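Visitor: What follows is the residue order along each chain.
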Amino acid sequence: MAEQTALRGDLAASPPAPSLSEDWLAVVVGGLIFLLALALLGGVDLLGWATAPRTWVELGKSVRPASSLYAAYGPPALLLATYLSVLALVSLGALLLGSNLIKFMLGFSVIYWLSYLAWLIGNYAYIAVTTPAEMQRLGIGWSLKLTGEAGYLIALLLGLAIANFAPPLARWLGEAARPELYIKTAIVILGGFLAVKAAEQLSLASTVMLRGLAAIIEAYLIYWAVVYFIARKWFGFSREWAAPLASGISICGVSAAIATAGAIRARPLVAIMVSSLVVFFAMVELLILPFLARSFLADQPLVAAAWMGLAVKTDGAAVASGAVTEALLYGDAAARGITWSPGWVLGTTTTIKVFIDIFIGVWSFLLAYLWTRHIEPRRAGDELRFVEIWQRFPKFVLGFLATFLIVLGIGLAAGTATLKSLDGAMTEANVFRQLFFLFTFFSIGLMSDVRQLWQEGIGKLAAVYAVSLFGFVIWVGLLISWLFFYGIMPPLAR
Amino acid sequence: MPEDNARPRIGAELSKIEAEPLLPIEKKLLAWSLIVGLVLLGLLVWTGNSALPVGH
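Those sequence lines, one after another, are chains A and B. The opening position of the first sequence corresponds to residue 1 in this note's numbering, with each subsequent residue numbered one higher. The opening position of the second sequence corresponds to residue 495 in this note's numbering, with each subsequent residue numbered one higher.
Hint data in this document are derived by calculation from the structure and do not stem from the laboratory. Here the structure is a predicted model, which is why all the values come from computation and not from measurement. There's no promise every hint is true.
[As the list claims (entries may be wrong)] Covered by chain B, per the in silico footprint, the following chain A stretches (three or more residues, Cβ under 8 Å): (1) 67-73; (2) 204-216; (3) 237-244.
[Said to hold, decoys possible] Label pairs and their in silico Cβ distance ranges: (4) A:G43 / B:G536: 52 to 58 Å; (5) A:I288 / B:L537: 31 to 37 Å; (6) B:K522 / A:V387: 26 to 32 Å; (7) B:A525 / A:N100: 46 to 52 Å; (8) A:Q452 / B:G536: 43 to 49 Å; (9) A:R451 / B:N543: 44 to 50 Å; (10) B:L534 / A:L101: 45 to 51 Å; (11) B:G536 / A:F470: 24 to 30 Å.
Heads up, the beta-carbon is just placed ideally off N, CA and C, and yes, glycines get one too.
Bound-form chain A, shown alone:
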């Protein structure tokens, strides 16, 4: 939400300009983790100490490092090393973004440990285990079968509880609650992880990408027009409100609302208010849609994945929904004796979301053209420039593409042994990706102060959002996902 913070600043006073944008920062942080992990190809294990929870019954055996080479150091030292490394990385980032460093570090430390606690709880055997064999191995008689990804939802609920029951604490943590930065960093790291899967199944990966591209073209053209019409005709919104609202609801949440508001020269407060609503509804979708997918799309995991990408707004919530959906569907499939290769649901959701992000600049340019030429002609000298497409391009996508293409290139050129090392390297980087996911979930919850939104008189805006989202966007997204992804299945795990 750095964009939101920046815009709020515009309303009050001009804050010092950050020396690095949030997008580029995500590329730097995610890229650094990616490169350190890649050293494993040269036989140097630089990230093997990164420590994540595993399914546990005894607390003493609840975490382990990514590489067994580091197991001798013991959990306390490894947990501390993981925390300090992430703290150092994000604090450097906060400094470059112009944040209050001390406040950020304190707030982030609380977010880190509460998120980690949620992750740990999510991996408790009675919550996470999905197969009878694993239940037998761990000596338990039942389980909620939510997989370890339940930790994400617990992090979200923790954040939500703080936002609504302890607002002063939420405000204090606010400096470090940056879901967009965290998810963009995670997506950069995710590129390499997904590329390993793509290298193993190139034909399927190409199909997913091409069908994903087709699906988002449809989403742009159909969603936006209908939501704009509903906002203008049924709810009487002005053009200044309707266009960012249509982009926020129909395309990609916060980024699209801000880009559209800029394109049509709306006042900054319009983007801010729409963004507040987007974050709230994205959180609602995140809590509902993966479970709906579990009920109705259990045998069509990639339809469910595409649906999350097309229906859930904001990068953070959408990709997070993909992760939860994968956990739920894979868990149920495992209970039926089917084990799909991991990462395909998450990968499909992320691919769709990244394509949507790429086109925000083009769509904004188109709207800017219409507004400047036909709706509100501008003054002489205030011309529309093609460079605006680049300015609105989400730069973190370049990081995602870079990590994806580097790993895909190595994976396709390499033999089986190198591919295995590559898989190991990306698995180590994946610990950090999961951590950034957790921070995203927690921060989304932390920013969803329902009471404040209600007190501000959100009713009419929320009404158009709810009608459009639940009455149209979600279901058309499901139809488009069904048309393009029905019958395409993830490969079985080897």
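For chain A, the structure is supplied; the task is to place chain B on it using the hints.
Guide: Using the frame of chain A, we list chain B on its own:
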């Protein structure tokens, strides 16, 4: 979630919105967007199933 006391209240802002009838260019934008969207939908589904059949 930084505090911003200068942030206007949404309700107050919304009450200031004046009626703006749909302009012909807006109607044209909506119509073209939907027509192109629906035509492309058929085209993309058809070409997708022809060029990238499920199961291959």
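Visitor: Against which earlier hints does the structure fall short, listed by number upward?
Guide: 1
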